[in-house]
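Asker: From just these sequences and the hints, can you work out the full model?
Protein chains: 4
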Amino acid sequence: YGKNTIKFLRHHKEGKKHFVKEVEVCTHLRLISAQEYLEGNNSLVIPTDTMKNIVLVLAKKNGIATIEQFAIDICKHFMTTFGQVAYVKTYVQEVPWQRLHQNGVPHVHSFIYVPDGIRFCEAEQCRNGPLVVFAGIKDLKLVKTTQSGFEGFYKNEHTTLPDRQDRILCGELFCKWSYGECRDFDFDCTWNKIRECILEAFSGPPDCGEYSPSYQKTVNSIQMNVLSKVSQVQVIETILNNIFYDAVDMKNLGVTNDKEVLVPVEAPYGFCACTLGRKKFIEA
Amino acid sequence: YGKNTIKFLRHHKEGKKHFVKEVEVCTHLRLISAQEYLEGNNSLVIPTDTMKNIVLVLAKKNGIATIEQFAIDICKHFMTTFGQVAYVKTYVQEVPWQRLHQNGVPHVHSFIYVPDGIRFCEAEQCRNGPLVVFAGIKDLKLVKTTQSGFEGFYKNEHTTLPDRQDRILCGELFCKWSYGECRDFDFDCTWNKIRECILEAFSGPPDCGEYSPSYQKTVNSIQMNVLSKVSQVQVIETILNNIFYDAVDMKNLGVTNDKEVLVPVEAPYGFCACTLGRKKFIEA
Amino acid sequence: YGKNTIKFLRHHKEGKKHFVKEVEVCTHLRLISAQEYLEGNNSLVIPTDTMKNIVLVLAKKNGIATIEQFAIDICKHFMTTFGQVAYVKTYVQEVPWQRLHQNGVPHVHSFIYVPDGIRFCEAEQCRNGPLVVFAGIKDLKLVKTTQSGFEGFYKNEHTTLPDRQDRILCGELFCKWSYGECRDFDFDCTWNKIRECILEAFSGPPDCGEYSPSYQKTVNSIQMNVLSKVSQVQVIETILNNIFYDAVDMKNLGVTNDKEVLVPVEAPYGFCACTLGRKKFIEA
Amino acid sequence: YGKNTIKFLRHHKEGKKHFVKEVEVCTHLRLISAQEYLEGNNSLVIPTDTMKNIVLVLAKKNGIATIEQFAIDICKHFMTTFGQVAYVKTYVQEVPWQRLHQNGVPHVHSFIYVPDGIRFCEAEQCRNGPLVVFAGIKDLKLVKTTQSGFEGFYKNEHTTLPDRQDRILCGELFCKWSYGECRDFDFDCTWNKIRECILEAFSGPPDCGEYSPSYQKTVNSIQMNVLSKVSQVQVIETILNNIFYDAVDMKNLGVTNDKEVLVPVEAPYGFCACTLGRKKFIEA
Chain A
52 YGKNTIKFLR HHKEGKKHFV KEVEVCTHLR LISAQEYLEG NNSLVIPTDT MKNIVLVLAK
112 KNGIATIEQF AIDICKHFMT TFGQVAYVKT YVQEVPWQRL HQNGVPHVHS FIYVPDGIRF
172 CEAEQCRNGP LVVFAGIKDL KLVKTTQSGF EGFYKNEHTT LPDRQDRILC GELFCKWSYG
232 ECRDFDFDCT WNKIRECILE AFSGPPDCGE YSPSYQKTVN SIQMNVLSKV SQVQVIETIL
292 NNIFYDAVDM KNLGVTNDKE VLVPVEAPYG FCACTLGRKK FIEA
Chain B
52 YGKNTIKFLR HHKEGKKHFV KEVEVCTHLR LISAQEYLEG NNSLVIPTDT MKNIVLVLAK
112 KNGIATIEQF AIDICKHFMT TFGQVAYVKT YVQEVPWQRL HQNGVPHVHS FIYVPDGIRF
172 CEAEQCRNGP LVVFAGIKDL KLVKTTQSGF EGFYKNEHTT LPDRQDRILC GELFCKWSYG
232 ECRDFDFDCT WNKIRECILE AFSGPPDCGE YSPSYQKTVN SIQMNVLSKV SQVQVIETIL
292 NNIFYDAVDM KNLGVTNDKE VLVPVEAPYG FCACTLGRKK FIEA
Chain C
52 YGKNTIKFLR HHKEGKKHFV KEVEVCTHLR LISAQEYLEG NNSLVIPTDT MKNIVLVLAK
112 KNGIATIEQF AIDICKHFMT TFGQVAYVKT YVQEVPWQRL HQNGVPHVHS FIYVPDGIRF
172 CEAEQCRNGP LVVFAGIKDL KLVKTTQSGF EGFYKNEHTT LPDRQDRILC GELFCKWSYG
232 ECRDFDFDCT WNKIRECILE AFSGPPDCGE YSPSYQKTVN SIQMNVLSKV SQVQVIETIL
292 NNIFYDAVDM KNLGVTNDKE VLVPVEAPYG FCACTLGRKK FIEA
Chain D
52 YGKNTIKFLR HHKEGKKHFV KEVEVCTHLR LISAQEYLEG NNSLVIPTDT MKNIVLVLAK
112 KNGIATIEQF AIDICKHFMT TFGQVAYVKT YVQEVPWQRL HQNGVPHVHS FIYVPDGIRF
172 CEAEQCRNGP LVVFAGIKDL KLVKTTQSGF EGFYKNEHTT LPDRQDRILC GELFCKWSYG
232 ECRDFDFDCT WNKIRECILE AFSGPPDCGE YSPSYQKTVN SIQMNVLSKV SQVQVIETIL
292 NNIFYDAVDM KNLGVTNDKE VLVPVEAPYG FCACTLGRKK FIEA
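Chains as they are written, first to last, in the working numbering: chain A, 52 to 335; chain B, 52 to 335; chain C, 52 to 335; chain D, 52 to 335.
These are calculated hints, taken from the structure and not from any lab test. Among the clues, some could well be false.
[Claimed, not checked] As a list, the in silico DMTMM-like pairs of lysine to aspartate or glutamate whose alpha-carbon atoms are at most 20 Å apart:
#, chain 1, residue 1, chain 2, residue 2
1, B, Lys-111, C, Glu-288
2, A, Lys-64, D, Asp-217
3, C, Lys-127, D, Glu-208
4, D, Lys-112, A, Asp-300
[Said to hold, decoys possible] Computed Cβ-Cβ distance ranges for the label pairs, DEER-style:
#, chain 1, residue 1, chain 2, residue 2, range
5, D, Leu-212, A, Lys-67, 26 to 32 Å
6, C, Lys-280, D, Gln-149, 53 to 59 Å
7, B, Lys-302, C, Pro-256, 56 to 62 Å
8, B, Val-156, C, Pro-157, 30 to 36 Å
9, B, Lys-302, A, Ile-169, 37 to 43 Å
10, A, Asn-207, B, Gly-66, 33 to 39 Å
11, C, Asn-154, D, Gln-149, 45 to 51 Å
12, D, Leu-212, C, Asp-190, 58 to 64 Å
13, B, Leu-212, D, Thr-211, 29 to 35 Å
14, A, Glu-261, B, Gly-328, 57 to 63 Å
15, D, Lys-189, C, Lys-302, 22 to 28 Å
C-beta: ideal position from N, C-alpha, C; glycine also.
Answerer: Structure (structure tokens):
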């Protein structure tokens with residue numbers, strides 16, 4: 052049980068310069084007993100209202116240096132304070148406020164909402180187990196208009212899709228990776244580096260791109276790129292929901308459409324998911 | 052990988068009477084190889100477009116007697132037809148069309164959308180394993196305005212919630228249960244019976260209700276009621292997201308508000324989840 | 052300016068029987084001056100926080116017999132209390148809680164959420180003008196699987212749609228009507244009667260339906276039916292957003308699909324809107 | 052009547068460099084007759100399916116230099132081609148794809164979705180009237196953490212809001228302006244300039260900001276700044292939905308919270324709307 056979507060903004064000032072960190076926190080607990088379910092005995096139950104209070108007080112006291120550090124703080128607090136907690140998990144998601152700039156000059160106290168991929172993290176711990184930290188990005192939408200095809204797939208009487216060597220590849224990415232057991236490192240810098248790796252593997256070199264023979268291969272390229280360049284990542288899970296763009300057939304309208312006008316097919320959509328670690332390979 | 056939200060309507064007529072079954076299907080596969088991820092070799096990949104075609108053709112050929120039977124048909128088709136499929140899972144959700152009535156007379160071909168709890172099901176199978184069937188209800192919103200309290204919980208310096216003996220209990224329910232290995236029985240009748248059990252356990256007797264000492268106990272009552280009255284259910288998972296209703300303090304407005312005007316607190320919201328089986332108890 | 056989505060639940064008891072009315076209220080004002088816009092002089096501005104307080108206090112004091120009466124109460128309060136108000140409009144929307152039944156017996160305090168068409172109303176008044184009351188229904192989704200066609204329309208070189216005599220007609224309805232100047236009548240009874248008229252005109256007689264030659268004609272039939280049977284309605288505005296159901300072409304899949312499997316085309320969707328009064332006709 | 056949310060992507064290449072313009076188009080017509088409503092006579096009705104075809108063919112033939120030019124093309128086509136059209140309105144909204152950059156180098160064919168304010172436009176024309184063009188921005192979320200207050204407002208027994216000299220101002224902006232009768236100018240450049248004016252008026256100088264005594268005054272500042280700096284704008288309509296941030300009272304938790312931890316109140320939310328022209332002032 053737990054409390055979901057605890058939303059708040061943590062504000063602080065350094066001289067005239069203001070900083071904001073707005074987050075959404077979900078905190079889940081499992082207790083060592085089940086008497087509240089079976090007997091209605093609430094004596095060990097920590098109310099979800101108290102969870103909310105704790106999250107807000109920790110934000111006040113510690114600030115939010117990074118969402119990962121804040122998730123760690125919350126897990127540690129619950130595990131340390133409450134003997135009846137068998138397991139704690141905390142998810143933190145960051146509202147994408149970016150400092151406004153005027154002619155290149157950063158504004159001291161104004162921000163704009165720019166949701167080009169949402170940063171989130173998770174920390175979890177079982178009693179007597181290690182505190183494990185995850186981070187991720189979601190709602191990251193990308194498109195490339197060439198260097199993508201899909202050929203040589205399995206065909207039978209239910210196949211109507213033709214082989215294609217040049218199609219649009221459009222997808223919404225979810226990536227979540229594990230940093231393994233909690234250690235001290237620069238979460239901001241690492242997250243930004245991973246985001247760069249994802250964009251780079253998706254799009255290829257800026258002058259020519261890189262051919263993708265399938266969504267699956269693109270997912271694998273993203274994961275390989277992250278694992279090879281960011282040593283802190285232990286395992287990476289990737290889900291790519293793909294929107295198909297269908298070139299409109301204009302023959303009956305007396306026009307030839309050479310993939311210039313395309314309609315997005317939002318439902319149904321394909322997806323592929325894969326989890327890749329350093330030594331083992333688990334496909335899901 | 053797979054195809055999500057394949058939406059379609061299956062229509063059929065018996066004389067002048069029309070029947071509709073509109074569904075949303077998600078079909079996921081895992082293949083025996085990973086060469087498409089690692090090497091970009093698509094030779095075993097069944098395109099998600101083909102999956103969509105198969106779902107539509109099966110709907111045409113078999114009809115949709117129940118969504119559970121249809122999910123079973125899809126799983127069997129993939130497992131039987133494609134040797135490269137290691138695992139198949141199919142989710143089917145039903146659009147809640149209800150036949151219109153005029154002065155109690157059912158209409159032959161008109162329907163109204165009534166989303167008072169969405170019916171869904173899932174079937175899954177590993178190669179050489181059994182075909183297992185699940186069913187469920189989601190987005191079922193209920194409220195009871197009394198016979199609910201929360202007292203005697205764990206308190207410390209972060210507790211501000213007072214004990215309460217009379218509060219509003221409002222929640223959105225998700226229940227998913229397993230029928231175990233696929234056998235032949237009346238899926239419609241069973242589903243309706245389970246829905247009745249859920250509503251009954253939530254609300255208690257119509258003339259007086261039944262006191263709920265916590266969300267956890269209500270979840271347990273629902274699960275116990277279903278397991279005791281519906282023998283086909285092996286395991287039941289329940290998630291109750293609860294909206295807290297806060298009595299508005301009107302003292303500064305010169306009015307006494309005795310829980311007559313209450314404001315829903317939609318974020319943050321509490322939740323509790325529990326999975327209960329016939330012999331074992333797993334709390335999550 | 053104003054306050055939107057003031058959400059609350061009004062609860063009351065008659066003996067053991069509980070009643071709930073949960074609403075969402077938007078209240079908009081226009082003041083006689085513009086000095087707050089032009090000069091930042093707030094001396095006449097009624098804070099939106101105060102608007103919220105007033106709405107909640109009125110709910111406490113008067114209860115919510117019907118949403119229409121409540122909207123009237125709010126408008127009257129603002130117009131009477133504040134000399135600086137030039138215009139007031141209040142929108143009230145009702146959360147569709149329905150009393151639960153067990154084997155036909157109504158429950159004393161439990162309710163289920165059944166959103167099969169949302170009831171709303173509006174009241175507005177200019178200073179020195181009449182208080183005018185509107186009511187309506189929205190998000191009402193209906194489908195009829197026959198007795199609908201579309202033929203004989205204008206054709207040119209950009210027309211690819213064939214004439215059809217038998218198609219599925221599926222739409223989401225919005226209807227808003229004026230009761231004219233505020234008078235005393237049974238708002239609940241009238242609203243229910245109008246809802247019946249809408250369903251009846253959409254679907255036709257239960258044993259055979261009624262042929263619709265276009266969405267436009269269906270909109271007109273709904274409006275004519277309401278105006279002819281409910282004398283309290285002065286003007287009725289109707290918007291019908293229609294979802295097209297496309298029979299899947301299965302020729303390449305070796306199957307003949309006689310409009311048994313159809314795919315909803317959710318974007319783009321057609322719409323038609325019309326406003327019909329008692330003597331004048333305004334098409335929009 | 053008309054067709055809404057016609058979604059498509061217009062793609063073109065210049066050498067190796069790719070360009071995309073993905074849009075959502077709504078086209079509405081009013082005909083000179085009402086016989087389709089009254090008599091079910093469709094002979095003058097242009098099917099919404101034909102409208103969709105026309106929009107796609109125009110995109111193919113003309114391309115989409117700017118969404119404003121494309122909306123103009125569509126209106127002109129309908130007015131010129133169909134004598135039965137009395138009025139045409141076209142709305143075009145742009146999907147916010149931005150070219151990806153790697154280390155500052157623009158990518159030839161990859162794009163990222165960055166919804167920091169959605170650009171839209173509208174063109175409309177009555178037969179024998181001028182073609183009028185509007186443009187706008189919506190879903191633009193901004194926050195400033197100081198230089199905002201609200202004092203000296205009207206108070207009575209329902210007022211509980213205290214005067215505040217330092218609060219967070221957070222809002223979602225909608226601005227729509229008229230360019231008047233269609234003339235030839237650089238729509239991209241003008242739109243970008245107006246967006247800059249909006250951000251500048253909201254936030255004030257980067258080193259110190261500018262005090263806002265109310266949402267109303269901020270709306271007015273935005274409008275005045277646009278009208279004074281962009282001569283092409285005739286009239287500007289602005290809606291500011293404001294989210295209130297409430298400093299959490301932590302006294303009972305033994306902590307002093309000096310506006311460091313704040314909770315967003317998403318419902319109810321305040322809004323203010325105003326339309327400002329060059330010579331007249333209309334407040335709504």
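Asker: If a hint holds in the structure, say so; if it doesn't, say that too.
Answerer: To see whether the hints hold, each was checked on the structure:
Taken as a hint, the B/Lys-111 and C/Glu-288 pair is broken in the structure, with Cα atoms around 40 Å apart against an allowance of 20 Å. A C-alpha spacing of about 14 Å is found between A/Lys-64 and D/Asp-217, which places the hinted pair at or below 20 Å, so the restraint holds. Of the pairs offered as hints, the one joining C/Lys-127 and D/Glu-208 holds, with about 17 Å between alpha carbons and a cut-off of 20 Å not exceeded. For the suggested pair D/Lys-112 and A/Asp-300, the alpha carbons sit about 14 Å apart, so the restraint of at most 20 Å is met.
Distance hint for D/Leu-212 and A/Lys-67: a CB-CB separation of about 28 Å, consistent with the stated range 26 to 32 Å. With their beta carbons about 55 Å apart, C/Lys-280 and D/Gln-149 fall inside the hinted range of 53 to 59 Å. The given range of 56 to 62 Å is respected by B/Lys-302 and C/Pro-256, whose C-beta atoms sit roughly 58 Å from each other. For the pair B/Val-156 and C/Pro-157, the supplied restraint of 30 to 36 Å is violated, since their beta-carbon distance comes to about 24 Å.
Checked against the hint of 37 to 43 Å, the C-beta distance between B/Lys-302 and A/Ile-169 comes to roughly 41 Å, which is consistent with it. The given range of 33 to 39 Å is respected by A/Asn-207 and B/Gly-66, whose C-beta atoms sit roughly 37 Å from each other. Under the hint 45 to 51 Å, the C-beta atoms of C/Asn-154 and D/Gln-149, about 60 Å apart, miss the expected range. As the Cβ distance of D/Leu-212 to C/Asp-190 is approximately 34 Å, the hint placing it in 58 to 64 Å is violated.
One distance hint, 29 to 35 Å for the beta-carbon pair B/Leu-212 and D/Thr-211, is violated here, with the actual separation near 23 Å. For A/Glu-261 and B/Gly-328, the hinted distance range of 57 to 63 Å is not satisfied, since their beta carbons lie about 49 Å from each other. Here the CB-CB span from D/Lys-189 to C/Lys-302 is close to 44 Å, at odds with the stated 22 to 28 Å.
Comparing the model with each earlier hint shows violations of hints 1, 8, 11, 12, 13, 14 and 15; every other hint is respected.
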